[in-house]
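Q: Sequence:
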Amino acid sequence: MDKVTDNTPRVRTRFPPSPTGALHLGGARTALFNWLFARHHGGEFVLRLEDTDRKRSKDEHVEGILAAMDWLGLDYDEGPFYQTKRLERYREAIDQLLEQGRAYWCHCSPEDLTKKREAAMAVGGKPMYDGACRDKNLGPAPGAVVRYKGPRTGSTSFNDLVKGPITFENKEMDDLIILRSDGWPTYHLAVVLDDIDMGITHVIRGDDHVNNTPRQILLYQALDAELPQFAHVPMILGPDKTKLSKRHGATAVMDYQEMGYLPEAMLNALARLGWSHGDQEMFSRQELIDYFGLKTVGRSAAVFDTDRLLHLNQRYIQESDPTRLAELLPPFLAARGIADYDQAVLLACLPELTPRAKTLVELADWAEPYLVDEPEMDPKAVKKFLGQEQVTVLERVVALVEAKGTGDSEALEQGVREIAEQMDLKLGGVAQPVRVALTGRTFSPGIFEVMGFLGDERVKARLNRALAIAAK
RNA sequence: GUCCCCAUCGUCUAGCCAGGUCCAGGACACCGGCCUUUCACGCCGGCGACACGGGUUCAAAUCCCGUUGGGGACGCCA
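Offset between the first sequence (1-based) and this note's numbering: plus 9.
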């Protein structure tokens with residue numbers, strides 16, 4: 010029994026995406042859980058690119074995945090490692106298995122295999138490899154592959170950290186290919202060997218891997234390695250409850266960055282899919298780390314709810330520091346053709362805008378009238394609020410602004426209320442025309458606040474422009 | 001088809017492991033109201049679920065079995 014000085018197995022988790030596409034929500038959640046688990050236990054988190062599929066792996070996808078990890082703030086202690094750089098190691102292991110009789114060469118052609126698979130299905134069986142070459146003692150040949158020689162009897166079980174004990178009959182598993190005819194190892198062999206070599210202690214991955222686990226356990230045993238702990242987290246489904254895919258709309262993490270979401274909102278939404286901490290809805294990064302645990306991860310699949318994400322984003326925007334928001338906004342403003350603007354005005358209007366915007370895209374939209382010289386006038390707003398009937402009101406407001414300036418919003422409000430009273434109008438009767446004059450729109454923060462961050466000159470110019478329109 | 005997994009409001013979930021305090025709590029969405037110079041924010045209220053059937057038990061959302069339903073896996077993809 011040991012004490013403080015012992016080397017209690019340190020926690021080492023990993024996230025092994027395959028660079029065959031962008032980082033999608035499911036992958037991001039898996040990455041997050043692994044990251045949280047490692048951080049929570051003061052362990053290490055490793056990033057590894059599983060690029061043995063030479064046909065589909067692309068450098069651009071590697072870039073994209075790294076960018077997404079960075080955006081989410083999921084930093085790794087080691088890596089990224091590339092499986093393509095470990096070819097020697099894989100071959101060495103395969104040779105060893107071959108020598109020990111734990112693997113064998115198989116000459117069956119892909120066509121034959123397909124045929125056999127279909128035949129098995131037709132009879133109502135599982136489309137497994139029939140082991141035709143298992144005992145033929147064949148050697149290497151062009152087009153040949155190496156298969157792991159698995160046990161045909163007995164069973165393999167493991168204690169899943171989220172699902173509990175799971176058992177598979179060995180006869181349900183066929184001899185899987187570990188070396189392809191193109192000379193590259195397959196996923197099963199590569200993951201197992203990598204996880205062994207990289208000292209991974211906990212394999213946290215998607216539910217869709219539970220079936221792979223027993224066969225991988227067999228490989229660990231064949232390689233005389235110690236088993237890591239396994240934890241399979243439930244899948245993320247689309248609104249129709251089927252595996253989330255592109256046809257469900259935006260599934261790539263970076264799509265959400267473009268749509269104006271904050272990384273902390275995404276992190277929170279992802280974390281709460283399958284995991285919870287009582288009734289708490291929002292978590293800081295540190296709280297996530299402090300509270301995360303595999304015992305509180307649920308077992309059933311979850312539907313990704315964009316309404317929830319949107320709501321979370323709104324809350325995070327509300328809580329965000331204007332300075333930070335201002336730093337994130339340029340790309341979204343540029344998308345609307347706003348490149349040159351007064352940073353001070355942006356900073357001034359932001360506090361009024363954050364309770365109104367759910368995304369950075371919306372925030373940019375709300376800010377536009379205050380950052381451009383002449384806001385675009387909404388025709389409908391003009392028609393409704395800038396007509397002959399409003400000329401007098403506008404004239405009086407111009408006079409008011411000229412007399413008092415825009416600095417003192419209390420005095421302004423008092424003045425506007427007086428105008429309304431004198432003209433027998435409701436406050437809105439004055440406010441709406443002014444609002445349209447100032448912003449070109451029928452909705453905005455309070456008009457006195459707007460005047461405040463627009464300043465005397467622009468307020469007067471816009472009021473006069475509106476007056477000209479109304480007088481026509 | 002075979003194997004594996006799962007099953008609380010439309011959605012995310014708390015509660016389940018250690019049965020009673022649950023005629024089931026929170027959040028999103030939705031509906032209504034309040035606030036109000038517009039739009040939001042905010043506040044108040046409403047709608048809304050233990051899949052079904054058997055057990056076990058004084059007592060079951062909680063334990064057991066079955067059924068149904070859903071998902072996943074069955075690749076020289078990962």
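Do not take every clue at face value.
With a straight-line cut-off of 20 Å between C-alpha atoms, the simulated EDC-like cross-links for lysine to aspartate or glutamate are [as the list claims (entries may be wrong)]:
id, residue 1, residue 2
1, 435, 419
2, 367, 264
3, 367, 267
4, 94, 121
5, 413, 374
Quick caveat, the hints were computed from the structure, so don't treat them as lab data.
Q: For every hint, state whether the structure bears it out.
A: Verification of the supplied hints:
1. For the given pair, residue 435 sits about 18 Å from residue 419 by alpha-carbon distance, which is consistent with the 20 Å threshold.
2. Between residue 367 and residue 264 the alpha-carbon distance is near 16 Å, which keeps this suggested pair within the 20 Å criterion.
3. Using a Cα cut-off of 20 Å, the hinted pair residue 367 and residue 267 holds, with the two alpha carbons roughly 14 Å apart.
4. Simply put, residue 94 and residue 121 have alpha-carbon atoms about 32 Å apart, too far for the 20 Å limit, and the pair is violated.
5. Distance restraint check for residue 413 and residue 374: the Cα-Cα separation of roughly 30 Å exceeds the 20 Å cut-off, and the hinted pair is therefore not satisfied.
Consistency with the previously given hints fails for numbers 4 and 5, ordered from lowest to highest.
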